[in-house]
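Chains as they are written, first to last, in this note's numbering: chain A, 288 to 613; chain L, 288 to 613.
It is possible that part of the hints are untrue.
Copies of one chain are not kept apart here, so a pair can be met inside one copy or by any two copies together.
DMTMM-like mimics (lysine to aspartate or glutamate), calculated; alpha carbons at most 25 Å apart, straight line [unchecked claim]: (1) Lys-469 / Glu-310; (2) Lys-373 / Asp-309; (3) Lys-350 / Asp-562; (4) Lys-373 / Glu-529; (5) Lys-566 / Asp-505; (6) Lys-390 / Glu-574; (7) Lys-469 / Glu-529; (8) Lys-469 / Asp-528; (9) Lys-469 / Asp-352; (10) Lys-350 / Asp-329; (11) Lys-390 / Glu-570; (12) Lys-469 / Glu-585; (13) Lys-373 / Asp-581; (14) Lys-566 / Asp-329; (15) Lys-571 / Asp-528; (16) Lys-390 / Glu-529; (17) Lys-566 / Asp-311; (18) Lys-392 / Glu-612; (19) Lys-469 / Glu-548; (20) Lys-373 / Glu-548; (21) Lys-350 / Asp-499; (22) Lys-571 / Glu-506; (23) Lys-390 / Glu-310; (24) Lys-566 / Glu-610; (25) Lys-390 / Glu-548; (26) Lys-350 / Asp-582.
These aren't lab readings, by the way, just hints derived from the structure by calculation.
2 protein chains.
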Amino acid sequence: MATRRFVGIDLGGTNIKGGVVDEDRCVLSHLSIPTEAEHGPDPVIELMAELVDRVIDQAGLSKTDIEAVGIGSPGSMSHTRGIIIKPPNLPGWENVPLRDRIKDKTGLPTTLENDANAAAWGEFWAGAGRGTRHMVMFTLGTGVGGGIITDGRLLRGHFDNGAELGHTIIQPGGRPCGCGQKGCLEAYASASYTARRATEAVQAGESSSLADVLAQQDELTSEDVVNAAVQGDALATRIFDETCHYLAVACVNMQHATNPERIVLAGGMIAAGEDALLKPIREKAAEMTWQAADDLPEIMFASLGNDAGFIGAAGAAWLAREEGEI
Amino acid sequence: MATRRFVGIDLGGTNIKGGVVDEDRCVLSHLSIPTEAEHGPDPVIELMAELVDRVIDQAGLSKTDIEAVGIGSPGSMSHTRGIIIKPPNLPGWENVPLRDRIKDKTGLPTTLENDANAAAWGEFWAGAGRGTRHMVMFTLGTGVGGGIITDGRLLRGHFDNGAELGHTIIQPGGRPCGCGQKGCLEAYASASYTARRATEAVQAGESSSLADVLAQQDELTSEDVVNAAVQGDALATRIFDETCHYLAVACVNMQHATNPERIVLAGGMIAAGEDALLKPIREKAAEMTWQAADDLPEIMFASLGNDAGFIGAAGAAWLAREEGEI
Numbered sequence: 288m289a290t291r292r293f294v295g296i297d298l299g300g301t302n303i304k305g306g307v308v309d310e311d312r313c314v315l316s317h318l319s320i321p322t323e324a325e326h327g328p329d330p331v332i333e334l335m336a337e338l339v340d341r342v343i344d345q346a347g348l349s350k351t352d353i354e355a356v357g358i359g360s361p362g363s364m365s366h367t368r369g370i371i372i373k374p375p376n377l378p379g380w381e382n383v384p385l386r387d388r389i390k391d392k393t394g395l396p397t398t399l400e401n402d403a404n405a406a407a408w409g410e411f412w413a414g415a416g417r418g419t420r421h422m423v424m425f426t427l428g429t430g431v432g433g434g435i436i437t438d439g440r441l442l443r444g445h446f447d448n449g450a451e452l453g454h455t456i457i458q459p460g461g462r463p464c465g466c467g468q469k470g471c472l473e474a475y476a477s478a479s480y481t482a483r484r485a486t487e488a489v490q491a492g493e494s495s496s497l498a499d500v501l502a503q504q505d506e507l508t509s510e511d512v513v514n515a516a517v518q519g520d521a522l523a524t525r526i527f528d529e530t531c532h533y534l535a536v537a538c539v540n541m542q543h544a545t546n547p548e549r550i551v552l553a554g555g556m557i558a559a560g561e562d563a564l565l566k567p568i569r570e571k572a573a574e575m576t577w578q579a580a581d582d583l584p585e586i587m588f589a590s591l592g593n594d595a596g597f598i599g600a601a602g603a604a605w606l607a608r609e610e611g612e613i
Numbered sequence: 288m289a290t291r292r293f294v295g296i297d298l299g300g301t302n303i304k305g306g307v308v309d310e311d312r313c314v315l316s317h318l319s320i321p322t323e324a325e326h327g328p329d330p331v332i333e334l335m336a337e338l339v340d341r342v343i344d345q346a347g348l349s350k351t352d353i354e355a356v357g358i359g360s361p362g363s364m365s366h367t368r369g370i371i372i373k374p375p376n377l378p379g380w381e382n383v384p385l386r387d388r389i390k391d392k393t394g395l396p397t398t399l400e401n402d403a404n405a406a407a408w409g410e411f412w413a414g415a416g417r418g419t420r421h422m423v424m425f426t427l428g429t430g431v432g433g434g435i436i437t438d439g440r441l442l443r444g445h446f447d448n449g450a451e452l453g454h455t456i457i458q459p460g461g462r463p464c465g466c467g468q469k470g471c472l473e474a475y476a477s478a479s480y481t482a483r484r485a486t487e488a489v490q491a492g493e494s495s496s497l498a499d500v501l502a503q504q505d506e507l508t509s510e511d512v513v514n515a516a517v518q519g520d521a522l523a524t525r526i527f528d529e530t531c532h533y534l535a536v537a538c539v540n541m542q543h544a545t546n547p548e549r550i551v552l553a554g555g556m557i558a559a560g561e562d563a564l565l566k567p568i569r570e571k572a573a574e575m576t577w578q579a580a581d582d583l584p585e586i587m588f589a590s591l592g593n594d595a596g597f598i599g600a601a602g603a604a605w606l607a608r609e610e611g612e613i
């Protein structure tokens, strides 16, 4: 029997990535093109359909070799209804039936998945979570995203809004989060809030080498904080240590909630590296939780980088076919 | 086709409850007998097998009318292996293959489930969660237990240790919990820790009508706190309000984690009633979370009371047959 092949498309506010992935998780082709989101949905949907053709062509295949298409899209969206509802980084998109429009243009069965879920499914299916059946992913970027796989299935929740792990509250009554809640994980541990906490401390007059950096830039980045911490700056060390602390709390909480075998950390912030980020989180989580427990999840970095989105979208198409959904 | 019938057994440290439940969720018989746990596993297993016979007989049925047996047992235990590992409230039980011993004695297919999961499954299958596919349960008793159903399936986790929601950390670095962690939900919001927080406040010299109660008893109960709060005592009101606050945090966190349609509160503490417990939790959760969200779960009380355990154990037997596990 021929190897089954899927196209995955990762729709972002800046770029659209796509590729052909087979059931053995081999990437047969991949491309990235600018989204040009400012022109609204119609031309972007046209670009996406063209990208499907191009990656099939690049892989030396034809459409009849492809079993299905998966799309990862920013929220808010509905997997069940196949629509994009109103994503903040795709202006002018409102209640767009993206699944059916791509299906009509390509003539292929199509599924639509939340981009964070698609990336988590990518790592589970083809990356750092491969071989497990229970995985949790935290994506550490501008925000903190999440993904949960339990017993080999993607957890979407009743409202298609599960695994919003950046908005679990880890400090009741704490820092205001952009989402309107207080004390969210994201309001402490995302790249942007890590940088913001450092900026606030410098502006409050704490002594730090970051004061010089801030004098030359409008604002600090989380890379600035990591670099200063690596060079021994006390304030930067404290700020980044707090980030690791709150991420460790979140790991312990998911250990007790969905009890995964593996917790995967993804996103731009993992560039901080094992010594600065992974080891401290592992140590803090181990100190914080049950000492005699034999249910500690492994905590590790994601392995697919920016490709997790389109690989996971292809994997979502595989999943939807397995489950007879499309 | 005949209605399918199941026996559920809820093994507790004090009592063993059992009954026959059919696939329509009707309870056809039920009995409760003392566990006499002090005699060790063998006589208790004998009692459990006799209880199976007795509830079948009480329902006017014979063994051939029963499709399977489900057992809810205290942890630590393993559903997968069917064994009781070492539960604190069953002294002398260690690595007992309870599932197979009951199966051998009754001649019926048997499944073993964690008691908290069985109770949650009971409410989902036959009680307050019926009709949903995504539910979370908090059981508020001496401790805080948990149960998660996602997409119609019981979430057990990789280590069979999922939904230990009482030990999610809601106040990092906070009160020491009996489990060894700090800042667990249980260390604030269980019946016993609610009473303990009140006791500590009285002993620290805060003025309260609870001082008189404490003078006559060794320790306060959560009922004492609720009663004093209902009568307008300021300290008791504050302590119970904090309990509701932390439970609301836990509800918001599970809203974002597994995104249930319904959150069910069970256990002895729900005797506090709607006005003292349910309404404040609902209000606090609504204030605390996304204002424009349309993914707020309903929060409600459990409906099966102490019968949730054996009904859920029977439901677990139904589930294990549905999934072809036994």
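Here's how the hints hold up against the structure:
no.: 1; hint: Lys-469 / Glu-310; in the structure: neither (43 Å within a copy, 45 Å between copies)
no.: 2; hint: Lys-373 / Asp-309; in the structure: neither (31 Å within a copy, 46 Å between copies)
no.: 3; hint: Lys-350 / Asp-562; in the structure: neither (46 Å within a copy, 62 Å between copies)
no.: 4; hint: Lys-373 / Glu-529; in the structure: neither (33 Å within a copy, 37 Å between copies)
no.: 5; hint: Lys-566 / Asp-505; in the structure: neither (31 Å within a copy, 46 Å between copies)
no.: 6; hint: Lys-390 / Glu-574; in the structure: neither (50 Å within a copy, 41 Å between copies)
no.: 7; hint: Lys-469 / Glu-529; in the structure: both (17 Å within a copy, 17 Å between copies)
no.: 8; hint: Lys-469 / Asp-528; in the structure: both (21 Å within a copy, 18 Å between copies)
no.: 9; hint: Lys-469 / Asp-352; in the structure: neither (50 Å within a copy, 55 Å between copies)
no.: 10; hint: Lys-350 / Asp-329; in the structure: within (22 Å within a copy, 65 Å between copies)
no.: 11; hint: Lys-390 / Glu-570; in the structure: neither (47 Å within a copy, 43 Å between copies)
no.: 12; hint: Lys-469 / Glu-585; in the structure: between (29 Å within a copy, 21 Å between copies)
no.: 13; hint: Lys-373 / Asp-581; in the structure: between (43 Å within a copy, 13 Å between copies)
no.: 14; hint: Lys-566 / Asp-329; in the structure: neither (46 Å within a copy, 47 Å between copies)
no.: 15; hint: Lys-571 / Asp-528; in the structure: within (10 Å within a copy, 31 Å between copies)
no.: 16; hint: Lys-390 / Glu-529; in the structure: neither (46 Å within a copy, 52 Å between copies)
no.: 17; hint: Lys-566 / Asp-311; in the structure: neither (32 Å within a copy, 52 Å between copies)
no.: 18; hint: Lys-392 / Glu-612; in the structure: within (19 Å within a copy, 43 Å between copies)
no.: 19; hint: Lys-469 / Glu-548; in the structure: between (30 Å within a copy, 23 Å between copies)
no.: 20; hint: Lys-373 / Glu-548; in the structure: between (34 Å within a copy, 22 Å between copies)
no.: 21; hint: Lys-350 / Asp-499; in the structure: neither (56 Å within a copy, 81 Å between copies)
no.: 22; hint: Lys-571 / Glu-506; in the structure: neither (29 Å within a copy, 35 Å between copies)
no.: 23; hint: Lys-390 / Glu-310; in the structure: within (20 Å within a copy, 41 Å between copies)
no.: 24; hint: Lys-566 / Glu-610; in the structure: neither (38 Å within a copy, 40 Å between copies)
no.: 25; hint: Lys-390 / Glu-548; in the structure: neither (36 Å within a copy, 30 Å between copies)
no.: 26; hint: Lys-350 / Asp-582; in the structure: neither (45 Å within a copy, 38 Å between copies)
Comparing the model with each numbered hint stated earlier shows that hints 1, 2, 3, 4, 5, 6, 9, 11, 14, 16, 17, 21, 22, 24, 25, 26 do not hold.
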